[in-house]
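*Asks:* If you want the building blocks of each chain, they are given just below.
Number of protein chains: 2
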Amino acid sequence: MNISRRTQNVTGTRSSVGIPLVVSLLVGAFFLLPAACRKAPAPPAAAEGVDPVLAELADFLAIPNVASDAPNIRRNAGHLAGLMRARGIDVRLLEHEGAPPVVYGEIAAPGARRTLLVYAHYDGQPVDPARWASDPWTPVLRSGRLEDGAPVVPLDSLPEGPDGDEWRLYARGASDDKGTIIAFLAALDRLQADGIPLSVNVKMLFEGEEEVGSPHLESVLRAHSALFRADGLLLCDGPVHQTRRPQIVFGARGVMGLEMTVYGPARALHSGHYGNWAPNPAAQLAGLISSLRDDQGKVLVPGYYDDVRPLSASEKEALEKAPRVEEDLLREFALSWSEGSGARLEELIMRPALNVRGLLSGGVAEKAANAVPPEARASIDFRLVADQTPARVRELVEAHLRSLGWTVVHDAPGEDARRRAPRLIHLEWESGYPAYRAPLDAPFSQALVRSLVQAVGGSLVVMPALGGSIPMELFDRVLSVPIALLPIANHDNNQHGPDENLRIRNLREGITLHAALLSGLGAAWE
Amino acid sequence: MNISRRTQNVTGTRSSVGIPLVVSLLVGAFFLLPAACRKAPAPPAAAEGVDPVLAELADFLAIPNVASDAPNIRRNAGHLAGLMRARGIDVRLLEHEGAPPVVYGEIAAPGARRTLLVYAHYDGQPVDPARWASDPWTPVLRSGRLEDGAPVVPLDSLPEGPDGDEWRLYARGASDDKGTIIAFLAALDRLQADGIPLSVNVKMLFEGEEEVGSPHLESVLRAHSALFRADGLLLCDGPVHQTRRPQIVFGARGVMGLEMTVYGPARALHSGHYGNWAPNPAAQLAGLISSLRDDQGKVLVPGYYDDVRPLSASEKEALEKAPRVEEDLLREFALSWSEGSGARLEELIMRPALNVRGLLSGGVAEKAANAVPPEARASIDFRLVADQTPARVRELVEAHLRSLGWTVVHDAPGEDARRRAPRLIHLEWESGYPAYRAPLDAPFSQALVRSLVQAVGGSLVVMPALGGSIPMELFDRVLSVPIALLPIANHDNNQHGPDENLRIRNLREGITLHAALLSGLGAAWE
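Protein chains in written order, with my numbering: chain E, 1 to 526; chain Y, 1 to 526.
Just chain E, with the same shape it has in the complex (with noise of 0.2 Å):
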């Protein structure tokens, strides 16, 4: 195993975070490793040239990552399996039917009376390649951002130094979430190569299948709990504050998607002579979204707020000393207004969210034709806070939707059911999931906390809770471990959209914190 060919070129550079980098030749043999890892086959050599942290995450990032897309999934679990081996992690894919492998590891540290599991998952986001600049599945890196049109440069023309910092990486799961298990996996081969020892034992559990709400996760953490036994979660996910300060998050937004469906003719009829007569379904639906929010992003189903847990003391005070970004976002965004009648984008992100992420009827632009649609969609996905549930939310949305009169339906209805019921939908719920805030004054919490300090100091962000949505209840209900939040991507890393990317400093810093907690933690957390 020569992990020396490994050895980060791209923090190859002093870090603002704060911690000494040392470029290390040295070959270090720091895992205790069990015997079957001894055998482990070496990594695929990193292109000529091309730095080896870069070249890794670009490998992995070539390989097409939708959840649904079965085939490619288990290339990406196969992949990632291959880069642990490497490094004589111990491995095993969990297998559940109907979902795509868990990547499980483990490193045990001598000594250490701790053991931290490691969350990320290798899904991602489906994609529209029409909409992005280059080809979502073919990385390519950027001397600095799209939007500014910073062009395509070769891979291995990265700069080391902080010449290189802007530059990115751009590919679909670049930053959510591939980037963070590369720099997860480059900051434990920062510490071997560096000598520095674990200061706790490591289990790692990459999921492939976060992006659609993970269906299986609750299933396979009940299969495995003794497997995944820990003394704290780390997820590794999500964006770093829109400062680019890093932080540390204690909760996060539940998620839960719903497709809608209401009914015009059963086919596109001529505007002229049906116009005005059959029921235009694109109209029903902007009616019916009226109904549900206002211009304000407000929820209006009743009922939607009653089980919204109130904020603490210290999660007001935490929230309060969140730096102020809303000017710099509306200006990046190219936004002159926000949503939320005036409160902060702190304060918004711990409410729920009722977000339109999609509308479809009939066609636009060179594809609109003079017709009556058949059928117009919406596709929703709700933002939960803690205490509120993805069932209570569906059958408030439900009773809202049945007392504005809407005939509510599970199955695509057929042409009978269209006769019958003037005001026909069908919705489709995707499974989701509970938010979760963990107090901020708990052992582990005050020992990431702790730790973090001590590496980046004061610039460090304090979060009771992300807004975006990562499973955490449910690690919490299954496994009843204290659990945080670190993520190391760039806020503007057009997450879920379009031309998704990495920004290089980002994943310099990422390696950087990763590695600066598996050395402290231990010591941190009494």
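Derived by calculation from the structure, the hints in this document are not laboratory data.
Incorrect hints may appear among the rest.
Heads up, the list lumps identical chains together, so a pair's fine if it works in one copy or across two of them.
Straight-line Cα separation of at most 20 Å, EDC-like style, residue types lysine to aspartate or glutamate; simulated pairs [stated by the list, open to error]:
(1) 367 <-> 166
(2) 367 <-> 428
(3) 321 <-> 347
(4) 316 <-> 194
(5) 367 <-> 320
(6) 298 <-> 398
(7) 367 <-> 259
(8) 367 <-> 135
(9) 367 <-> 128
Could you slot chain Y onto chain E? The hints should help.
*Replies:* Just chain Y now, with coordinates in the frame of chain E:
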């Protein structure tokens, strides 16, 4: 010129429309041909065993005819000119910068005192091939309705008698409007084959951009007004009555199109991190649409109905006489209700309409990503009635939007503009045209009704106006000619949608109707 090869097997049966049909093999030399036409090329030979009219229509439909597809639209014009020249018709392609050619032809009838100008269009609506059961540009014959599971059958299997009446030919343009052109040419063939003289001189005007609102038609008419001089104009487009009874129509709604775009963040943003902070353009668009029309199709733009011309007593009487069709249509279209607060279809199409023909934002179903979309688009068509003008409608709609706080722009806004205006909307108006209604008691109107009643008896439906749009007002304004509309297509032709088709019986009866008019109109027109 061997005209006998085109003796309409497609109509080689006794039609219910009432004109005795004679399948004749006589070769006539009926038309007084201008010298230039004597050397016209022979028409392409029909495929072995295929009904010649069907073969001619299928060949024509195989040429894609979206107006924006310049090379193909030109192929259509050339092909049509060839079909006309093959019949000895004096043909000219009238060119106008930026427009598809207008195909013009004329035939002099010895002794005729009146000249009839016949209009049809050879372009078709845009297609979304993914939504078609068969390729829109590969005409296929089915032994019934696609919706009833009728299979594709060979073109040469069409029965000559009533057994083939319910068969249908599927392709873009089959009914709107190439089928009509072919029926008209076949009627000329039949009269010639039967030795029946034309009763009027005939001029033909076949346009190639009707489906995009005929933007150059006015210039073409003005440039060639002497050529188009006639005593009456017969527009050949649209469907027959929903009872499948033939109809003659004396007006049509006007039309105009509008593409609306509203804006969210400059790029798709993660709906967890930014949902209910970043303005959601899909939700804004929904509110906007709800401000434009209500659930019953009533337009909410202030002043929208002010210009509407009231119905005359004879128009009201004609509408009263029109057969009741709603119950059948509701069943056929799988609808449980209709817009219009209980008004009849015939009344409703005499009112203006606002139809949402398309919605697009982000993605739905497998393309749904948990993101706040950067923009949301709606595509709308307005149907106007007599005395409304596109300019006034534009003005009213924009004033309405401004009164709701929208900043209206007509060019796609840059990021700076998006940073300035909280409710920014980009409007792209398509050129449209007003409606038209001819007096029901004008001599041309009366002559048409009389000669058609002679052919089809009491089954003729007389309609004051069609719900669909034809640029009648333009002809009236520029050519000062009385106008009527003679449709032949089945009403259930999926016009403008996927799987457009022409019912064989409609093709057969269309030929009969045109033959009746061409032979009888002169005598009825004092």
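*Asks:* The structure should be examined with respect to each hint, and the outcome stated for every one.
*Replies:* Right, here's what the structure says about each hint:
1. For the homomeric pair residue 367 and residue 166, neither the shortest alpha-carbon distance inside one copy (39 Å) nor that between copies (30 Å) is at most 20 Å.
2. For a Cα distance limit of 20 Å, the shortest separation of residue 367 from residue 428 across copies, 14 Å, qualifies, whereas the shortest one inside one copy, 27 Å, does not.
3. In this homomeric assembly, residue 321 and residue 347 come within 20 Å of each other (Cα to Cα) only inside a single copy, at 12 Å, whereas the closest approach across copies is 65 Å.
4. For the identical chains of this complex, residue 316 and residue 194 are neighbours neither inside a copy (40 Å) nor across copies (93 Å), given an alpha-carbon limit of 20 Å.
5. Proximity of residue 367 to residue 320 under the C-alpha cut-off of 20 Å is found in neither arrangement, the shortest distances being 49 Å within a copy and 37 Å between copies.
6. Only within a single protomer do residue 298 and residue 398 lie at most 20 Å apart by alpha-carbon distance; the minimum there is 18 Å, versus 28 Å between protomers.
7. Proximity of residue 367 and residue 259 under a CA criterion of 20 Å is satisfied inter-copy only: 11 Å between copies versus 23 Å inside one chain copy.
8. Taking the shortest Cα distances, residue 367 and residue 135 sit within 20 Å of each other only across copies (16 Å), while inside one copy they are farther apart (24 Å).
9. Taking CA atoms no more than 20 Å apart as the test, residue 367 paired with residue 128 passes in both settings, with 17 Å inside one copy and 7 Å between copies.
Consistency note: the structure conflicts with the earlier hints numbered 1, 4, 5.
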